[in-house]
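Asker: As you go down the protein sequences, you meet chains A and B in turn.
Numbering (my numbering) for the first sequence: 1 to 140.
Numbering (my numbering) for the second sequence: 1 to 390.
Just to be clear, a hint being listed does not mean it is correct.
[What the hints assert, rightly or not] In silico SDA-like cross-links for lysine to any residue, where the CA-CA straight-line distance does not exceed 25 Å:
(1) 186/B to 33/B
(2) 378/B to 107/A
(3) 378/B to 2/A
(4) 78/A to 33/B
(5) 63/A to 254/B
It is worth saying that the hints were derived from the structure and are not from the lab.
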Amino acid sequence: MNEIRHPLPYASWESRGFWEGAGRGDLVLQRCRKCGLVQHRPRGLCAHCLESDNLEHFVASGKGEVYTFTVTEQNQAKGFAEACPYVMAYVTLEEGPRILTVITDCAPDEVSVGAPVRASFVSQDRDDGERFAVPVFHLD
Amino acid sequence: MSTSVFPASAAIAGVYEHPSRFSPNKTEFQIMAECAKGALDDAGLTRSDVDGLFGASMSMGLMGIVDLAEYLDLRPDYMDGTNIGGSSFVAHVTHAAAAIHAGLCEVALILYGSTAASNSMAIGTGGSGGSRNPDTAFSSPYGMTTVGSYAMYANLHMNTYGTTSEQLAEIAVTMRRHASLNPHAKMRSPISTEDVLGSRMISRPLHLLDCCIISDGGGAIVLTSAERARDLSKPPVRILGCGEAVQHQGVGRSDLLTIAAKQSGQNAFNMAQVERSDIDFAMIYDSFTITVLATLENLGFCEPGEGGNFVSQGGISLDGVLPVNPDGGGLSSNHPGMRGIFLVIEAVKQLRQECGERQVSSPEIALAHGTGGTIGDKHSGATLILGVDK
Numbered sequence: 001m002n003e004i005r006h007p008l009p010y011a012s013w014e015s016r017g018f019w020e021g022a023g024r025g026d027l028v029l030q031r032c033r034k035c036g037l038v039q040h041r042p043r044g045l046c047a048h049c050l051e052s053d054n055l056e057h058f059v060a061s062g063k064g065e066v067y068t069f070t071v072t073e074q075n076q077a078k079g080f081a082e083a084c085p086y087v088m089a090y091v092t093l094e095e096g097p098r099i100l101t102v103i104t105d106c107a108p109d110e111v112s113v114g115a116p117v118r119a120s121f122v123s124q125d126r127d128d129g130e131r132f133a134v135p136v137f138h139l140d
Numbered sequence: 001m002s003t004s005v006f007p008a009s010a011a012i013a014g015v016y017e018h019p020s021r022f023s024p025n026k027t028e029f030q031i032m033a034e035c036a037k038g039a040l041d042d043a044g045l046t047r048s049d050v051d052g053l054f055g056a057s058m059s060m061g062l063m064g065i066v067d068l069a070e071y072l073d074l075r076p077d078y079m080d081g082t083n084i085g086g087s088s089f090v091a092h093v094t095h096a097a098a099a100i101h102a103g104l105c106e107v108a109l110i111l112y113g114s115t116a117a118s119n120s121m122a123i124g125t126g127g128s129g130g131s132r133n134p135d136t137a138f139s140s141p142y143g144m145t146t147v148g149s150y151a152m153y154a155n156l157h158m159n160t161y162g163t164t165s166e167q168l169a170e171i172a173v174t175m176r177r178h179a180s181l182n183p184h185a186k187m188r189s190p191i192s193t194e195d196v197l198g199s200r201m202i203s204r205p206l207h208l209l210d211c212c213i214i215s216d217g218g219g220a221i222v223l224t225s226a227e228r229a230r231d232l233s234k235p236p237v238r239i240l241g242c243g244e245a246v247q248h249q250g251v252g253r254s255d256l257l258t259i260a261a262k263q264s265g266q267n268a269f270n271m272a273q274v275e276r277s278d279i280d281f282a283m284i285y286d287s288f289t290i291t292v293l294a295t296l297e298n299l300g301f302c303e304p305g306e307g308g309n310f311v312s313q314g315g316i317s318l319d320g321v322l323p324v325n326p327d328g329g330g331l332s333s334n335h336p337g338m339r340g341i342f343l344v345i346e347a348v349k350q351l352r353q354e355c356g357e358r359q360v361s362s363p364e365i366a367l368a369h370g371t372g373g374t375i376g377d378k379h380s381g382a383t384l385i386l387g388v389d390k
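Model the full assembly from the supplied sequences, consistent with the hints where possible.
Answerer: Encoded structure:
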């Protein structure tokens, strides 16, 4: 079983804060100062207020728990085919939102619903020379 | 029943399911056109009667409905290329009924065609290549696949309610038993629970036989006003209720176990003013075994968490309390990428009592529910309640 070779994300203006944070080793979320909503995935405005003026980025704790997961045994896509079986999961973050991720650094059988997890960051060089990091989670 | 109010003002006058499951020498549009002929013949109408065109497919993109009109050399007064995934065609019936009710068209043709199998498409397990679309930036790095999304739903259901792999397998076994009665079904040899549990694991807890097959195929539906439908070749099938809904991750807090069927189903039942117990059989999108379980619960045919018992007690079998997918469904009959159109076609044929060995006993009211997308991520739901003309 090989490491997953993550297809690196294409950051947009809306998601830049998240991916730049990942590059620094921080899990960055968005909060609306007006209504208090913490939202993920990131947007250019608060999805509820539909306003951008009060949106701020903050560094989240990186802690959460497994909401649900699957052990993927077949995925033909490049970067994953060689890494099967791998654990894909939704993690509920301490700050509220849920995030799609993979659980790494453990045997698939060690993962369970409700298990506490913590973020870490996998850095990879992209073809165009930019360095990107992808947040993944491991059992805490 | 009054034919002046929506949705009773429109009716399904003709249907056609392409018999082929493998068509390497045909294009999508050719399959759609053959289906158009079949459904118009079924209704006793011709191409020149069509003034409303509806369709979607795996490859129709921007202006795809215009391309389809050109292929058929049609100049309709009304067109709708809504694509909300596999449920699209269930929604098209609602949209067509609304357009007919509003007087925007009189004969609506709904089409689907696909060469998914002969193109060797990896529909369920080919996901998550390196996409440069910012909208998938939060799924593509993590190896999301269609089956993986459904598997996460299944795992959560098992953890929450104690649902078992044996119960899910019962759904696949039942669909195969139904398919064995359908001469056009792709997979007709009976399977056992052990066969399902012993098949290759794709994405835990879903095995190969928990997943739908991949076929080619297509279908067509013709709607017209309820009044006109009564003068055509086949008995009209009435639209009693309809509903559409969407479910997604939102801002990251959605209850994964609540799927779009809950909202679209409730709206359809409210409109039809019938009870769950009035439904004689159901056509339920079975992309995976878990899809059936989730849909039964969210439509209210059983309580949340009771789906496992419902299916293991034979509830969805042809002789059960709610026969589901007498044609064998996507798990065994056909699944050319987007299956919604076949849900409606089989419902209509069953209500017209044309189904031979797999015929449900004297049905009067049917429900069809399509799911488009993936229930573990984002998806659409479309529900129809159909009835015989009274």
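Asker: For every hint, state whether the structure bears it out.
Answerer: Cross-check of the supplied hints:
no., hint, result
1, 186/B to 33/B, "holds, 22 Å"
2, 378/B to 107/A, "violated, 29 Å"
3, 378/B to 2/A, "violated, 29 Å"
4, 78/A to 33/B, "violated, 37 Å"
5, 63/A to 254/B, "holds, 19 Å"
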